[in-house]
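Residue numbers (this note's numbering), protein chains in the order written: chain W, 173 to 418; chain S, 28 to 234.
In short, the hints are calculated from the structure, not lab data. Virtual Cβ for every residue (Gly too), placed ideally from N, Cα, C. Heads up, some of the hints might be wrong.
Said to hold, decoys possible - Partial list, derived from the structure: chain W residues whose beta carbon lies under 7 Å from chain S:
hint: 1; residue: Gly205
hint: 2; residue: Ile206
hint: 3; residue: Pro207
hint: 4; residue: Leu210
hint: 5; residue: Asp222
hint: 6; residue: Leu236
hint: 7; residue: Ala245
hint: 8; residue: Gly274
hint: 9; residue: Thr280
hint: 10; residue: Arg300
hint: 11; residue: Phe307
hint: 12; residue: Asn321
hint: 13; residue: Pro333
hint: 14; residue: Leu397
hint: 15; residue: Trp400
hint: 16; residue: Leu401
Claimed, not checked - To be clear about the criterion: a stretch of chain S counts as covered by chain W if any three or more of its residues have a C-beta under 8 Å from a C-beta of chain W, and this derived list gives those stretches:
hint: 17; segment: 192-198
hint: 18; segment: 216-227
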Amino acid sequence: MMNFAEALVLAAAAILLGLTSLWKRKSPVRMRGIPALLSLRRALGLSVEDGTRLHVSLGSASPLDGRGASALAGLAALRRIAEHAAASDAPPLASAGDPALGLLSQDTMQAGYKAAGAEGLYSQDTGRAAGLTPFGYAAGAMHISPNENVSANILLGHFGPEAALIADAAERSGAAVIGASDNLTGQAVLFASAREALIGEELFAAGASLEAGAFHAASLTLQDLLRWLIILALAGGAALKFLRFI
Amino acid sequence: MRALAVLIAVLSSAAVLLGYFLAPLLPVLASIQTQLLSAAMTLAGVAVLAGIFNLFSVHVNKTRRDRKNGIYSALLVVSLLGTFLLVSLLRPGHALVRIIVLESVVFPIESALMGILTVSLLYAAIRLLRRRLDAASAFFLLTTVIVLLGAVTLPALGGIPFIGEFSRWWTQVLALGGMRGILIGVALGAFFTGLRVLFGADRPYGG
C-alpha cells in the first residue's frame, strides 16, 4: 500500500514531467516578477557591460545533507550566470563554504563556459572553497568583493547570521548585494543587510528567472499550485475545526 | 562522458529514493542505499582534501600576482602549511594542537567575528529604512524592537509591564505563523529541486 509521501512524490513527478513537456511546446506563461531577481538580471547585464565581476556566494551547505537543495538552487543560477558572463572581460567568481560545493561550483562554471562556447576562457580560480566552517567561509568570502572588482555580490544558498559579514563587506566596497537563504536566521539577516532580499522559496525561483529551462519554469508553476493547495487545506482545516466538524 | 555522468546521478538518486520507500518490500534496496550513502560520505571526505588544495592553489596564485593584498594570501598559505605540519607531527587530538591552533587562533577569531556581526547587524537595522522605505521594512524593525523590549529588564521592576506578554504573543502567534509559512515554501522549493536532480534536469556535475 502506497503511503502519502510516496503518492505525493509520484504525483508531483508525473505532473512536473507533463508540465515540462507542455512548457516546451507552448510559449512560457508570464511569471510573477520578483524584484530581487529582476535586480539580479540587471546586475548581470551591467557587469558584462562595464567589465566588472559578479561574486556568487553559494553558502556553506553540503550537497550531501538536508540543506543541499539550497546549494543546488544556487548552482542552477550560477550555471546561467556563467553562461551569460563567460565572454566578459571580468568573469564571475563563485565561492563556497563546503569543499564538495566548491568542486561543484567549478564544474558548473565550466559547463556554463562550455555552453557559451568559451571553454578556453575558463579558469579554475573562479570557483573556490573559501572556508570550511560558516564563519571561516564568511571570513574568506568577505574579502572577495573589495579586492576583485566586484559590482554585485549574489548570495544564493544556505547562510546563517554570517551572511551579514559578507553583505556588509560588499556594501562597503560599493557592490550591490542580492541575497537569499533557506535558513530563517539567514533570511532575516539578509532582509536587513542586502539591497534586495529573496524571502522563503523565492531562492528556488532564481533558476526559472534566469531562464534555466522548461523544467525550472514547470517546477515553479507546480510549486505555486501546491502552495495554493496547502493554503486551502490549512484554511479548510481551521474552518472545520472552528465549526467543530473535526 | 556527460551522458554517463547523468546516468550515474539519476540511477543513484532513484536507488536512494526507492530505498526509503520500498525497503520493507525489497530489502536489497536498503543495502544498495546504505552502500551508495557510504560511498557519498567517502567522496565528501576526498572533496575536503580537494577543496583545501583548491584554496591553497588560489592563494598561492594570488600571492604571486596581487602585490597589494598578496600578503594576506601569503599569510593564509603559511598558516595552512604550519597547521598541516603541526597536526601531522603531533596528531590532531594533541593538547598542543588544541592550544596553539584552536584556543589561540580559531576560537578568538570566530569570537571576534561574532562581535563584528553584532555591530554589522545593528548598523544594517539602522540603515534599513534609508535603503528600503516600505511597509515590510517598517514591520520588520517594529518586530525587532518589540522582541528586544520583551527581553530587556528594568531595575527593581524586572520585565517591562505588559510588553513581555505582548512580545511573547507577537513572537508565538505572528512571527511563528510567518516562519511556518516560509518553511513550508522552502520545503516545497527543496522538494522540486530534488526532483529536478532526479530527472537530470539540474546537473551540477558539469552537464
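Hints, one by one, checked against the model:
1. Gly205: It is violated, given that the least Cβ distance between glycine 205 of chain W and chain S is near 16 Å, above 7 Å.
2. Ile206: For isoleucine 206 of chain W, the interface hint is violated, since the closest Cβ of chain S sits about 13 Å away, which is over 7 Å.
3. Pro207: This hint is violated: proline 207 of chain W lies away from chain S, its Cβ roughly 10 Å from the closest one there, beyond 7 Å.
4. Leu210: This interface hint is violated because 15 Å lies over the 7 Å limit.
5. Asp222: With a minimum Cβ separation of about 21 Å from chain S (threshold 7 Å), the hint on aspartate 222 of chain W is violated.
6. Leu236: OK, holds: leucine 236 of chain W within 7 Å of chain S, min 5 Å.
7. Ala245: It holds, given that the least Cβ distance between alanine 245 of chain W and chain S is near 5 Å, below 7 Å.
8. Gly274: holds, 5 Å
9. Thr280: holds, 5 Å
10. Arg300: With Cβ-Cβ at 5 Å, under 7 Å, it holds.
11. Phe307: holds, 5 Å
12. Asn321: violated, 12 Å
13. Pro333: holds, 6 Å
14. Leu397: Violated. Min distance 10 Å.
15. Trp400: violated, 11 Å
16. Leu401: violated, 10 Å
17. 192-198: Contact hint for the segment 192-198 of chain S vs chain W: violated, 0 residues under 8 Å.
18. 216-227: holds (count 11)
Checked against the numbered hints listed earlier, the structure breaks hints 1, 2, 3, 4, 5, 12, 14, 15, 16 and 17; every other hint is satisfied.
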